[in-house]
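Trainee: Everything in the sequence shown is counted per our numbering, starting at 1 for the first residue and increasing by one.
Just so you know, not all the hints are guaranteed correct.
Using 30 Å as the maximum straight-line C-alpha spacing, the simulated DSBU-like pairs for lysine-lysine come out as follows [said to hold, decoys possible]:
1) K50 <-> K6
2) K17 <-> K6
3) K74 <-> K86
Hints listed in this document are in silico derivations from the structure and should not be mistaken for laboratory results.
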Amino acid sequence: MIPISKDDPFTFCCSAKVSCFNQCCRDLNQFLTPYDILCLKNYLGMTSGKFLERYTTQHTGPETGLPVIALKPKDALNLECPFVTKRGCSVYQA
């Protein structure tokens with residue numbers, strides 16, 4: 001393996017041809033920015049309220065007291081992303 005630095009470009013192809021396909025979509029602890037929420041809810045054709053209710057959980061930042069939004073896992077066992085399918089990410093284009 002050749003080490004890379006933060007300034008080195010690299011290419012990556014996530015597909016069923018790689019052994020780790022869909023593995024990063026498990027044990028999910030994914031926080032969302034307001035921009036992420038906007039892109040996802042628009043891509044899914046949902047209102048912000050419906051998207052937040054269906055796909056997210058809200059936490060309070062321990063140091064700031066500000067709300068933090070995270071994706072709600074599809075299931076409690078392997079904490080799988082709600083948008084992962086056998087064919088990969090269903091919202092990647094968002």
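Trainee: A separate judgement is required for each hint: does it hold in the structure or not?
Mentor: Hint-by-hint comparison with the structure:
Only pairs whose Cα atoms come within 30 Å are accepted, and K50 paired with K6 is rejected, the gap being roughly 37 Å. For the hint pairing K17 with K6, the CA-to-CA distance comes to about 26 Å; that is within 30 Å, so the pair holds. Our distance criterion of 30 Å between C-alpha atoms is met by K74 and K86, whose separation comes to about 14 Å.
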